[in-house]
Every structure is written in C-alpha cells, then in structure tokens.
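Visitor: Okay, here's what each chain looks like letter by letter:
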Amino acid sequence: MSKINSKIPEGVLETKWTKYKSSVPLVNPSNKRNIEVIIVGSGLAGASAASSLAELGYKVKCFCFQDSPRRAHSIAAQGGINAAKNYQNDGDSTYRLFYDTVKGGDYRSREGNVYRLAEVSANIIDQCVAQGVPFAREYGGYLSNRSFGGTQVQRTFYAAGQTGQQLLLGAYSGLERQVGLGTVKMYSRHEMLDIVMIDGKTRGIIARDLITGKLERHFGHAVLLCTGGYSNVFYLSTNAMGCNVTAAWKAHRRGALFGNPCFTQIHPTCIPVSGDHQSKLTLMSESLRNDGRIWVPKKKDDARKATDIPEEERDYYLERRYPAFGNLVPRDVASRAAKERCDAGYGVGTSKMAVYLDFTSNTLRYGQVEANKRNLHNPTAADLKKLGQEVVKEKYGNLFEMYEKITGENPYELPMRIYPAVHYTMGGLWVDYELMTTVPGLYALGEANFSDHGANRLGASALMQGLADGYFVIPYTIGSYLASDISTKAIPTDHEAFVEAEKKVQEQLDKLMNVKGTKSVDHFHKKLGKVMWDKCGMGRNEKHLTEAISEIKTIREEFWKDVRIPGIQNELNTELEKAGRVADFLELGELMCKDALMRKESCGGHFREESQTPDGEAKRDDDNFSYVAAWEFKEAGNWELHKEELVFDVVHPTQRSYK
Amino acid sequence: MNLTLKIWRQKNAKEAGNLVTYPVKEVSPDMSFLEMFDVLNEQLIQKNEEPIAFDHDCREGICGMCSMYINGRAHGPAQGTTTCQLHMRKFKDGDTIVVEPWRAEAFPVVKDLIVNRSAFDRVISSGGFISVNTGNAKDANNIPIPKDDADNSFAAAACIGCGACVAACKNSSAMLFVSAKVSQLALLPQGRIERESRVLNMVRQMDEEGFGSCTNTGACEAECPKEISVENIARMNREYLMANLKK
Ligand SMILES: Cc1cc2nc3c(=O)[nH]c(=O)nc-3n(C[C@H](O)[C@H](O)[C@H](O)COP(=O)(O)OP(=O)(O)OC[C@H]3O[C@@H](n4cnc5c(N)ncnc54)[C@H](O)[C@@H]3O)c2cc1C
Ligand code: SF4
Ligand code: FES
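Protein chains in written order, with the working numbering: chain A, 35 to 693; chain B, -10 to 236.
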C-alpha cells in the first residue's frame, strides 16, 4: 500500500471544507485541558496556531530559537497578504484566488487544499484587523489594496512595506496574551533537535537550551513544526540568517516524507551581490513591480548612466515579452527573463548581473493624480515629481531607505539595480489535508510544509497560508487526531524513547565538537551554497545536477573531517548551532538535486533546460509528472520516491501563459 | 580600510567582562557592520579563538535582534538605522571603534554582546494586545478608521522591540517602547475597549522589571532606529492619568 493518503474529503470542491468542519470529531473542553501540544516555531504559522489552540483550551508549549517569539523570520515580509475580499469590486472571488493560485503554482498543487486556503483568506483579514493590525487605509477609512504578480485584481492588503512585521506582531500579541494567561509556555532561545516517538506516534521533542547548552525533554500529545523554509541551503538568500531546515530534517530522518524538495522560488527583485563578504541578500518587495518598470539598455555593455539612456534605447523586456501581464508576471517568469537578458550581455552595474527597476514614469503619474486632487492647475514637471515622490514614499518609504542604506544610491533619483535571489521554498514536509505528516501526531504548518503553492508561489500568499494554517485549519484538523487520544496520560520523560532520542542528539553534538578540524562552518556553508546556486538554481540540467550530487557528497565528507567549532558544548555557542544546521543542509542539498534530476519536466520555478518551449518558456509534462514527489529517507544519500498523483477536477491544466 | 575594534568580551552572565582590542584589515565600505564582524570572527576561528557572540537574524533592520552599542551610541552613528543596516562607509580608515552590549539592569548580559531582553515580552504579555479570540472577528471593513489615526497607529507600531531606547537612556527607561504599543492600540477603535486596564498593567509590569523612570531627556527618540516619536510617551502619560482617575 502506498505510504501516502492525502485524505482530501470527497464531494464538490466548494463544500469540501465546510463538510469536513462540520463532521470532524471534537475534543470536549475538559479533555482539552489534559492534552499537551508542542509547537515548534513562533512565526505566523506557529504564533497563530499557539494562540488559537490555547484559546480552545489545549496546554501549549511553544519554542523558538530567537530571543523572542516576535523575531521569527515572518517579521521580514514586506509586500502584503492576499485575501479574496473583493473590496475593490474588481471581480475577485474565492474561485478566482483559488484559480490564480493553482495556475500560478503551475498545476502542481492540490485543488482541495488551495480552495480551502482561498476560502479562509477573508477571515484572516478580519482577525488581524480585530487584533489591531494597522493595515493601510484610504481616506474614507476603509482598507486599501494593491496588486501583486500573477494576478489581475487588487487583493493584496498591506502595511507600507512592513506587512509581515505588523501581522506577526498581531499574532505575537495573541500569543503573549495566552502566555500571560498561563495557557502557553514559551521557550525562547531553544532549538528543537529531534522528535520523540513512542509506539509509532510522535510524543515529544528534544530541545537544546541555547544559553546553557543543556538538552531538555518535552512531552506532547502532538507536535506541530512551524519552522519555516530552507532557502539558506543556498547560503545567500533573502531569508534571515538563522532560517534552517533542522527541525524538518530531523522529522524527515524519523520517517516524515519530504515533498517536492527541489521547488524553490527565486525572487526577481533583490539587491545584487556586492562582494565576497556578502552574508545575505535583501529583497525589494514585489509590490514595487506595480509601480516600477523593469528594463535593460538595448545596446550590449552600455556604460552610460541609467538616466542618460533615452527612452527609445531601453528594452522594457517584460512588457515586450508578456504584454498582458507586463511587469506583473509571476516571479519565476520574471526571474528567468532577467537572467536571460544578463546572460545575453545586457546586464547593468559593475557586475553586469543586474537590471533596472525604474519608478520615473509612475512617480510622474502619481504626481498628476495628486495635483488633480489638490486642484493644482498647470503644475511643472518638478512639481509633479515632488508630489509623486511623496506618494511613492508613503507606499514604499522604508524599502527605498533600505535600498539607499545598502547601496549608497538614492532610488528616488536613479533606478534601482536588482537581480533575482533565492527567496522561498515551496517544498517541505509532505502533509495531508489535515496538515499531518506521514508520522502520526506530527504536523507541519506554514512554509515548513510543501502544501499549497505547487511549483511556484504567488506573491503575498505565504503570509496568507501561514495564518490560514495556524488560525483556521489546525484548530479543526488536530481534533481529528486528538479525539482518539484523550485517554493517553502525559508520558513521563524518563521513558526510554526520550532517553534514546536525547542520547542520539548528544552523540551528534559530541561528534561535531570532536572533529576539531581547521575550517569554519561558514566555509562549508558557502561552498555548498555555490554548488546549489550554480547547478540547482534558476536553470537546471542533467549534467549539472549529477555533478552537484557528487560535489555535495564530497563537501559533506570534508565537513565531517575538517570543521572547527571553537568553545564548548555546555554554553552559548553560536558556531555549534550553525554547524548542526549546515550538517542538515548538506544532506538536504543532495536530496534537492536528486529531486530536480528526477523531475525531467520544467514547471513553475523548476526550470529544466532540457524542457522548454521554442520561445524559452517552461514546458510541463503532465503525462509523466503530474504528481507530488514525496521522498522517504533511508540513510544519508539514499531515499525512496513515493508519488501522490494530482487530480484536477475543476481547473484543467494548460500551458501557463502570461502573454 | 583598516580599523581597530575594542569589543566587550564577557564569558557569561556571572563572570566579569572587559574590552579586548582587535585589529581588522581590508574592510570594504560596502560591508555592513555585522559583515565586518563576520570577517573578524572568521579570523578568530582561524586562530582557534572563540568568535564574538552577538545577536542578529534578519539583517534587514526589522527583527530587532541586533543590538550593539557603538562608540557610545545605541546602533552606532547613523540616524534611524539598526546595527545590521549600518554600513562601513560611515567609518574612515584608521578609526577605532568601541563596541559594547546594551547596558541596563533589566537587560542582563548573557555573553559578549548578547543581552536578555525577555522583560519586553513580559511587558507585552501583561497587556499589549486586544483580547480577541480567533474566529470572533466580523468583517474588517465594518470598522472604518480615519486614515490619520490608522497612519499614526502604524507609525507607533513600527517599533521593532530592539531595546535601543532603554540602552540610550541614562535612567534605562522603557517608556518609548511601552508607549509605542499603548499608542498603537489606543489610537484604534478596536483597542479602546481595554485601554485603561492595558496601560495600567503594562506600566506596572514595566516598573516591576526594573526599568528606570522617564525624565524627558529625549535620548530614546534620538537613538530609536525606527524613529518612534516621544509624542507616544505623552500620549501614554495621558492614558495613564485618565485610567487612574477612573479607577
Ligand atoms: C524578505 C522576505 C519578504 C517576504 N515577503 C512576503 C510577502 O510580502 N508576502 C508573503 O505572503 N510572503 C512573504 N514572504 C514569505 C513569508 O514571509 C514566509 O514564507 C513566512 O513568513 C513563513 O512563516 P512561517 O511561520 O512558516 O515561518 P517563520 O516565520 O520562518 O518562523 C519559523 C519559526 O520557527 C522557529 N524555528 C525554526 N527552527 C527551529 C528549531 N529547530 N527549533 C526551534 N524553533 C525553530 C524560528 O525560531 C521561528 O520562530 C517573504 C519572505 C522573505 C524572506
Ligand atoms: S521604541 Fe525604538 S528603540 Fe525602543 S524598542 Fe522600539 S524600535 Fe527599538
Ligand atoms: S538583525 Fe534584524 S534588525 Fe538587525
């Protein structure tokens, strides 16, 4: 029998979730008080799940590795969150959001999951506003929207360029409220290093107190991993420095299948690499593509300043190639188009690996609108520019400032230079409709699971998914499992399974400390990142992927022979923390390449150079690859592939076109 | 450029610390301050010495994790800028830079430049929220909010919880941080319902944590990387007064 059952409810698409909700088993309040749930992660997914489950009456323990739950990486999201509210009366609906997401994901996600996501999206905005999240508003006092790539309606809610911060602080305040009420116990500066299994069920975790270095055992009737994405396998990405795969990887090693590991998103608008010292890349929100036009010079190696290049000598290549969507094509399409221009020699800046994102024409347009609003007749070009800049500043002020701080250039005067960078991982732990992994009692929420975005995520939908999972999905679906577990008493942590798991973690830490080699953790991480970016990045082919697999194996061997971790184990040791994470990346990287090699088609962000249309677009192969690849861990370097066939009852996969 | 760094080293909360001098060579002006620390740490690891422990995560000025006291200023010389967004082009070849942790009784040093800011979490959990359970909410546009109120609330909500305001204040007062949250919620109709209990509880918790009192020096606003305004403190004082009157 197949290991995987997606458990999508029967029935018509529109009523699956409603029916599910009204028939799922419930846990009565007095039993909830005796049920303990461990939540690893305090980002949008973790914080929303923790507060919602605690409100229902469960006893919750929540973990994060930062010094405060408010600092989870979700805080950095800039542009916005989607919801099918149709406040703009522009034809949006649950169905349209569902359709856009399935299409945007290049038909590699589940209809049932995506429809549910679109359905609950509207409730998220209501919840956040009630919590005091200060979304942008119009003069009439109502919520404002903007549009994001891959869609033709305005459904994105935002708070300047700090949407993630405001949403996370909302979820965090809900979480802290429960901490105050004593229903959630928060463990900051703790890192989960393994799950504990008893009789085939997840029963807890082993965590390391990052200050004392001591290992701790924690029991839970169920464990939720809300631990974010793994873009940092590339070393350079837009993710925060601490983002890692460790929690998901430990679960994978204990039997949880890993879904579509090679599906990564390369974001088109990031600040280009400036030198070898670079530690991370900075995103310039996709929302900027609403108001910026992307171009390169028509002439190769044009050394003139951007502002000296006349209009007719500029190639607005997205508008040229994709007239219907123009600068708003989905991310994967925009990224590849930038790479194509730069590879062909039209790139700009010192590295020639950048394109321009130019706000001039929209600034003037906004200036004109503003002048009309203020009854200014015959404004000069300088007036229009000034008025327009005020509008741009209100919309994106913090992003423009950030750009200036990093590059030393003023983007109000000169176009930004941008280049694609690794940003998000659609792959993750395989979960069923209830968000449970293949390990009973172990769930994955938010970016950590593989679920809703298929082969490419549309902008502003990760925040939506994280909060949907935590606020509106898990509170129902977890009942289906826990209802049959009410008679299980808390298991003492001196149980042999806890002892064994702790011992294993201890051995790995000892092993790392005892290598006593000559090279830093970063040395290996950078090496891995380079292989991943060069050979498993924006363009992938059989030759490169095969090479990458053997190169990663070599780096992994060198790591275990030659890594140097100063300091000791039983105290705060940041190098030891990093080393554990890189050790896991070194296994994951190989699996990603294996998955990419197996998937001979191109789809979404996964571009196999062997599979493209004559005009260079990604070519899917539905006959052979319309499935989720779910990998089972056997031992390092050895996996077994399971397939979950994707069934499309409602939308019929076609070649994606944004022309 | 070449620099001399004097960095606070402290093994743990119990042992005493001291400033240690490190030369750093070939610093590029395009590096961020933390990337310069990466380079220094790589050198220390090569020498088999322990790297300097410092807090950081997003490196985009938004998570509030980074926290260095640079040449006597919280987050260093640049206005409205976190340590991670400070770039080396703000320094000159040959400069000596002194780097210390936040200093405040309520923020004990954990190791080197890392301090414990969990007091801030406890202040939030004492009242920095609106009590709404998941699923309670009605349609978002049922609560229209005047744009100015929404904008002012947003400006207060921009606080990243870094603690620079406390570090910059000679009394180690947390008024700017606490008032930013009180203001954000007091400015919104949804937040007004609990405004009295909120301000009373948060101020009580703030005092219990050992933060000092506010003597209106304005140092917090001057050093706040998000330029949170001291007007929030005035608003909180009014809220507090009103709440006490009603008690
Ligand atoms: C720069 C940037 C901008 C973005 N902008 C947008 C946007 O505009 N719109 C949008 O929809 N999406 C955006 N995204 C994507 C989105 O922010 C993320 O996908 C989403 O926030 C992930 O949330 P999460 O809750 O799954 O994980 P995270 O927020 O990453 O949280 C992970 C949590 O897990 C904890 N953790 C991890 N491992 C362990 C462990 N082993 N032990 C203990 N704790 C652990 C961490 O401490 C943290 O609390 C952006 C992403 C980036 C990088
Ligand atoms: S008020 Fe400013 S300085 Fe104080 S914690 Fe908030 S962002 Fe930091
Ligand atoms: S590291 Fe996040 S604000 Fe500096």
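Treat the hints with care, since some could be wrong.
Stated by the list, open to error - Quick partial rundown of chain B residues pointing at chain A, CB under 7 Å, derived from the structure:
{"#": "1", "residue": "-10"}
{"#": "2", "residue": "31"}
{"#": "3", "residue": "32"}
{"#": "4", "residue": "51"}
{"#": "5", "residue": "113"}
{"#": "6", "residue": "210"}
Said to hold, decoys possible - In silico DSS-like links for lysine-lysine, alpha-carbon gap of 30 Å or less:
{"#": "7", "chain 1": "B", "residue 1": "14", "chain 2": "A", "residue 2": "248"}
{"#": "8", "chain 1": "B", "residue 1": "79", "chain 2": "A", "residue 2": "248"}
{"#": "9", "chain 1": "A", "residue 1": "560", "chain 2": "B", "residue 2": "3"}
{"#": "10", "chain 1": "B", "residue 1": "0", "chain 2": "A", "residue 2": "537"}
{"#": "11", "chain 1": "B", "residue 1": "0", "chain 2": "B", "residue 2": "14"}
Think of the hints as simulated: they come from the structure by calculation, not from any bench.
No experiment lies behind these values; they were computed from the predicted model shown.
We treat Cβ as the ideally placed atom computed from N, Cα and C, and that holds for glycine.
Visitor: If a hint holds in the structure, say so; if it doesn't, say that too.
Guide: Quick rundown of the hints versus the structure:
1. At about 13 Å, the closest approach between the beta carbon of residue -10/B and any beta carbon in chain A exceeds 7 Å, and the interface hint on this residue is violated.
2. Given hint, residue 31/B at the interface with chain A, holds; its Cβ is 6 Å from that chain's nearest Cβ, closer than 7 Å.
3. Annotation: interface hint on residue 32/B violated; nearest CB of chain A at approximately 10 Å, more than 7 Å.
4. Annotation: interface hint on residue 51/B holds; nearest CB of chain A at approximately 5 Å, less than 7 Å.
5. Hint status for residue 113/B: holds, given a least beta-carbon distance of 5 Å to chain A, under 7 Å.
6. About 18 Å separates the beta-carbon of residue 210/B from the nearest beta-carbon of chain A, more than 7 Å, and the hint is not met.
7. Taken as a hint, the residue 14/B and residue 248/A pair is broken in the structure, with Cα atoms around 37 Å apart against an allowance of 30 Å.
8. Restraint check: the Cα-Cα separation between residue 79/B and residue 248/A comes to about 40 Å, which exceeds 30 Å; the hinted pair is violated.
9. Note on residue 560/A and residue 3/B: the hinted pairing is violated, with a Cα-Cα distance of about 35 Å set against a maximum of 30 Å.
10. A distance of roughly 27 Å separates the Cα atoms of residue 0/B and residue 537/A; the hinted pair therefore holds under the 30 Å criterion.
11. The straight-line distance between the Cα atoms of residue 0/B and residue 14/B is roughly 25 Å, inside the 30 Å bound, and the hint therefore holds.
Hint violations for this structure: numbers 1, 3, 6, 7, 8, 9, all remaining hints satisfied.
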